[in-house]
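Note that the protein sequences, when read in sequence, are chains A and H.
Numbering of the first sequence is given in the numbering used here, commencing with residue 1 and proceeding in unit increments.
Numbering of the second sequence is given in the numbering used here, commencing with residue 1 and proceeding in unit increments.
Just to be clear, a hint being listed does not mean it is correct.
[Said to hold, decoys possible] Derived DSS-like pairs (lysine-lysine); straight-line CA-CA distance at most 25 Å:
| no. | chain 1 | residue 1 | chain 2 | residue 2 |
| --- | --- | --- | --- | --- |
| 1 | A | Lys-57 | H | Lys-61 |
| 2 | H | Lys-74 | A | Lys-57 |
| 3 | A | Lys-35 | H | Lys-74 |
| 4 | A | Lys-187 | A | Lys-116 |
| 5 | A | Lys-62 | H | Lys-54 |
| 6 | A | Lys-174 | A | Lys-145 |
| 7 | H | Lys-54 | A | Lys-57 |
| 8 | A | Lys-35 | H | Lys-61 |
| 9 | A | Lys-82 | A | Lys-52 |
| 10 | A | Lys-82 | H | Lys-74 |
| 11 | A | Lys-62 | H | Lys-61 |
Hints in this document: simulated from the structure, not taken from any laboratory.
No experiment lies behind these values; they were computed from the predicted model shown.
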Amino acid sequence: MYLHPINSTPIKVAFTYVDVDSEHTGRIMDFFAVKGEGELPAIRLNSIEGGKMLKYKLETTKELHASHIVDFIRSYLSGELKPYYRSEPTPTDWEKEAVRVLTGENFDRVVKESGKHVMVDFYASWCVHCKQLEPIWEELAEKYKDNSSVIIAKIDAIANELPEMDVHAFPAIKLFPAGGDVTDIDKGIDYNGPRTVEGLSKFIDSHIHKA
Amino acid sequence: MVVAITLSHIQNTSGHLVKPPPEESDAVLEFGPTNAQAIFGTDARAVSFLFVSKESGQFEKVMEEYRSAAQQLKGDNVSGL
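Bound-form chain A, shown alone:
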């Protein structure tokens, strides 16, 4: 249904619904991080702005009224809404193992603000090469355990969205150096060498000595 005002392009918003009981809805629920039961009914908005997909969330009260939805979409259209990103809650024991566990919540604090060299494995749970990297990553973390200027970390890059990170393939390995070039600190330096403790260590060490 289109309304054509004179000299302006109509803005279209499409309305769909997802039956959470259907067997096909797991992926779309994951995409929007809709957890289920306690959160239902839930309203989410997906928009494509400047080639980027952004998600918006209606904070619902117990009962969902048309007026809530109308207000939500109006505030989206007027640019008042901030998009949200998926993040897991940070586990309380994220520092327990040699490989530190990162989430969307603690990423900036650990990676960009800790003043340390942080080597990060961006993985996906379904990725075979990521599984293969796991023991190597643990060995690497053991090796640097006593080096107070280096952190070896990993993050589930599907469950945790990092809008500023360019992660195009899994696993993505990046070093975020302490100090140095601002872009390197923000975006990390991609590691494309062999996935061995030796190769990874060489890379880390060369950047430590540069800094």
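Start from chain A and add chain H according to the hints.
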């Protein structure tokens, strides 16, 4: 600027319109594997998703509120765009 709402005509990336049967022309589409790509590839500025359980007792009521919201938004004047 006026907001127009497409309730039913989802344009996919190849430019084909996915048309629902006439009796559902103003309906809210159910999202599923057959139309997921078309819905994500729509030329609409945004797609709204309602997550609801069809089996729950509140389904009809919630859908009514949702449809009503879509109707209310039609022809909306939004400033500042």
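Hint by hint, here is what the structure shows:
1. A:Lys-57 with H:Lys-61: Holds, at about 21 Å.
2. H:Lys-74 with A:Lys-57: 21 Å, holds
3. A:Lys-35 with H:Lys-74: Since the Cα atoms of Lys-35 (chain A) and Lys-74 (chain H) sit roughly 30 Å apart, the hinted pair is violated (cutoff 25 Å).
4. A:Lys-187 with A:Lys-116: Distance ~15 Å between Lys-187 (chain A) and Lys-116 (chain A) Cα, so the pair holds.
5. A:Lys-62 with H:Lys-54: 18 Å, holds
6. A:Lys-174 with A:Lys-145: 18 Å, holds
7. H:Lys-54 with A:Lys-57: Holds - the C-alpha atoms of Lys-57 (chain A) and Lys-54 (chain H) are around 21 Å apart, at most 25 Å.
8. A:Lys-35 with H:Lys-61: 22 Å, holds
9. A:Lys-82 with A:Lys-52: 14 Å, holds
10. A:Lys-82 with H:Lys-74: This hinted pair holds, its Cα atoms lying about 23 Å apart.
11. A:Lys-62 with H:Lys-61: 13 Å, holds
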